[in-house]
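Engineer: Chains as they are written, first to last, in the numbering used here: chain A, 801 to 1230; chain B, 18 to 440.
None of these hints come from the bench; they were simulated from the model. Errors might be hidden in some of the hints.
[Said to hold, decoys possible] Going by beta-carbon spacing under 8 Å, a handful of chain B positions derived as facing chain A: (1) Arg310; (2) Tyr317; (3) Gly376; (4) Gln419.
All C-beta atoms, glycine included, are put in the ideal place defined by N, C-alpha and C.
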Amino acid sequence: MKKTHSEHTLSNGLKILLKEIHTAPLISSWVWYRVGSRDERSGQTGISHWVEHMQFKGTPRFPASSLDRDISRDGGIWNAFTFMDWTTFLETMPADKIDLGLRLEADRMANSLFDEKEVASERTVIISEREGNENEPLFRLGEAVQQAAFRVHPYHHEIIGDLADLKTMSRDDLYQHYRTYYIPNNAIVGVAGDFKTSEMLARIQELFEPIHAGPLPARLARPEPAANGEHRLTVEGPGETAFLEISYHAPAGDDADFFPLTVLDSLLAGPSGLNIFGGGGLSNKTSRLYRALVEKELAVGVGGNALTTLDPYLYTVSITVHPDRKPEQVLSAFDAEVKRIQDEPVPAEEISRAIKQARALFAYQSENITSQASWLGHAEMFANYNWFLTYLDKLSRVSPSDIQTAAQKYLKVSNRVVGTYIPTGAEVQV
Amino acid sequence: MSKRQQSFPGPDDITRITLPNGITILVRANFNSPSVVIGGHLVSGSLFDTDEKTGLADFTALGLMRGTESRNFQQIFDALESVGAALSFGAGAHNTGFSGRSLIEDLPLILDMLADVLRHPVFPAEQIERLRAQFLTSLALRAQDTADMASLTFDQIIFKGHPYARPEDGWPETIRAIQRDDLADFHRRCYGPQGMVIALVGAIEPKTAVEQITAALGDWTAIDQMNLPALPPLQPMKKIVTRRIKIPGKSQADLVIGASGPYRKDPEYIADTLGNSALGQFGLGGRIGNVVREKSGLAYYASSSLNAGIGPGSWAVSAGVNPANVQKARDLICGEIARFVEKGVTPEELADSQSNFIGRLPLSLESNSGVANALLNMERYDLGLDYFRRYPDMVRAVTPEQVLTAVRKYLDPERLAIAIAGP
Chain A
801 MKKTHSEHTL SNGLKILLKE IHTAPLISSW VWYRVGSRDE RSGQTGISHW
851 VEHMQFKGTP RFPASSLDRD ISRDGGIWNA FTFMDWTTFL ETMPADKIDL
901 GLRLEADRMA NSLFDEKEVA SERTVIISER EGNENEPLFR LGEAVQQAAF
951 RVHPYHHEII GDLADLKTMS RDDLYQHYRT YYIPNNAIVG VAGDFKTSEM
1001 LARIQELFEP IHAGPLPARL ARPEPAANGE HRLTVEGPGE TAFLEISYHA
1051 PAGDDADFFP LTVLDSLLAG PSGLNIFGGG GLSNKTSRLY RALVEKELAV
1101 GVGGNALTTL DPYLYTVSIT VHPDRKPEQV LSAFDAEVKR IQDEPVPAEE
1151 ISRAIKQARA LFAYQSENIT SQASWLGHAE MFANYNWFLT YLDKLSRVSP
1201 SDIQTAAQKY LKVSNRVVGT YIPTGAEVQV
Chain B
18 MSKRQQSFPG PDDITRITLP NGITILVRAN FNSPSVVIGG HLVSGSLFDT
68 DEKTGLADFT ALGLMRGTES RNFQQIFDAL ESVGAALSFG AGAHNTGFSG
118 RSLIEDLPLI LDMLADVLRH PVFPAEQIER LRAQFLTSLA LRAQDTADMA
168 SLTFDQIIFK GHPYARPEDG WPETIRAIQR DDLADFHRRC YGPQGMVIAL
218 VGAIEPKTAV EQITAALGDW TAIDQMNLPA LPPLQPMKKI VTRRIKIPGK
268 SQADLVIGAS GPYRKDPEYI ADTLGNSALG QFGLGGRIGN VVREKSGLAY
318 YASSSLNAGI GPGSWAVSAG VNPANVQKAR DLICGEIARF VEKGVTPEEL
368 ADSQSNFIGR LPLSLESNSG VANALLNMER YDLGLDYFRR YPDMVRAVTP
418 EQVLTAVRKY LDPERLAIAI AGP
């Protein structure tokens, strides 16, 4: 079998995945930490995301003002994302410049300053980020649905956190969170691109091995009890467009059921793209829900999303309601379509079509070194890299009865939260 | 690490051919992934729109894939989606653009579909009504989106009396006024091969790609195809114009502050973009990002953008802030613009942006779609097939004095458009 990548572990516990790709003189490097919004206690919601922001505020060696300058001068891109289960930092740079990205990441794994003034300034930036999100009806609806779906599990709150906590968390809270979770034995480095594995490994070892390991933090473990009936909720807000969000408790990313659910999602709502947040798929105009809802003029748009999470999360269908229809009418038609997939076996050709779509999306993402590098660490955050390598094979093995079973097991009324955004009207004044 | 240089697209690896019917084809091979991207445009933009039927060009573009003489809506999308392919259309002021992608084995399908929907659309009445409801919903959402409304209002100020002031996606009343026959008529008058450009990048020999495109579109003729109306001159602004759009119930306000900008073909365009980088792009948003976000903590996003096309462009600073901070953000941004116009960029700032522009080329030309866009820009703006080979030297040659001259040509603190949308 062709060698796809290599895996290594340093003496301080840092795991490294390397993949040579020699199609362009670029290298993309990602550092992943096993910390996200699911690790936050009440009173500190949003702390993981805020710590991610503070990682851009400098170390003694790389002051804030020089960080972005140095990366940008070299024509690189850098960014960071905080998710429920993880936080990641990436640089994609011309191959001969990646050393800067590696040095920066090794340095800020342990030496970020968390200056009091920078904390104060970033507090208002993050509150502004939250206010921007709140402008979106789908953010407000999604937040309400997520809260209703998780009473016990810390997937309960939004990644950005609650305003009450964003106003009160202190510099010391943030620094404590940083020191607890940003340790090499809680991190993974994934690098892909135009390098020689032996040279890249030696350099990473030189930069990261001196960083001391720490006590491995236990992750919050509060499993959500099984759902005991349907929850329905409404969110009211400005506008003239109604939305429905229907969320079912769903399997974790490394559960065997995740693959039938992925095919089920593709049949119902269209194929999702193969990137870390699931977006960027194809058009979905021949999907079952588009035909049943949009072609019947009950809705003007529909989409589905199954996230790869560490613990069981949600499979969500979002629907933009047609201006002449009521959300209840749309929900009835949606339920009829779900019943059909639960009751009638899916024709085999419909499945092979979903596999071909997945194969195309897989090829598209492989054009991009940043995307390929992301999977090295991302897959490790909820399963392992083999999950990615065997993704298409596992999808290909899904049978019509697997899909029917998954639909019966997960798409139950008692297993879901239905959220409706009720528009209170638009009164735009010029 | 490798010292190998990436070869940027150039005359030796771009195939460029113009067919007898006026279609220009640009092809570059890339065998690294078993896929292909197409992109292109026709000369059927919204400049043909009237005030009463603003949005007609875009409505027509979106209507193309709703049915042809030989395929209905579901057949069109079944063919594409079954193989994981994509094809979509949209209209800008000058052009109707399209883009598509597929596995390389499905390129004949994509080209056949492109030719069919361009040449034989039937705009079925039922489908057009369905599309209209979707269109109206997207306009209702636009009216509630503070960033969209600030940007749209900004364009109305800087392009007052000019066709660019009209939004390409129209207004609810104009979309309601457009009839199904208007679409068919627009297609008959404005669509045709003359001036059409198609770029293709992917795992195929250029010769074969040209043959396949020629087979699909080489015999297309459209004797009625009209020429795009000429652009009227833009009236310069004479003072600061501020307009507020109130959208109740929102928690954040969006601001757009700036002026009209250069044409893409202006000789000082590269100096303008370097100036824009220093003002509000470089790193985490240049000077604007530094002052509004990093130092004051006022906004999650704050940056500047320079949009240049066939006609006059725009140069604008945008930010999203708490409604209580609108005045403060506005003062900070106007202050930065004034400082920028007075003193221009420092040699260090210019060197930073020059280094960034040259250094980021490999990344921007990494994907097939990135290369396809680059090929289309070369064609649209007569940049020459050797543009990316010359580009580093052109960037390095720009001086701080040239940036200052270019900046002063467009930005004047006494003549700014200020658009604010929020609660």
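Engineer: Hint by hint, work out which the structure violates, then give me just those numbers in ascending order.
Structural biologist: 4
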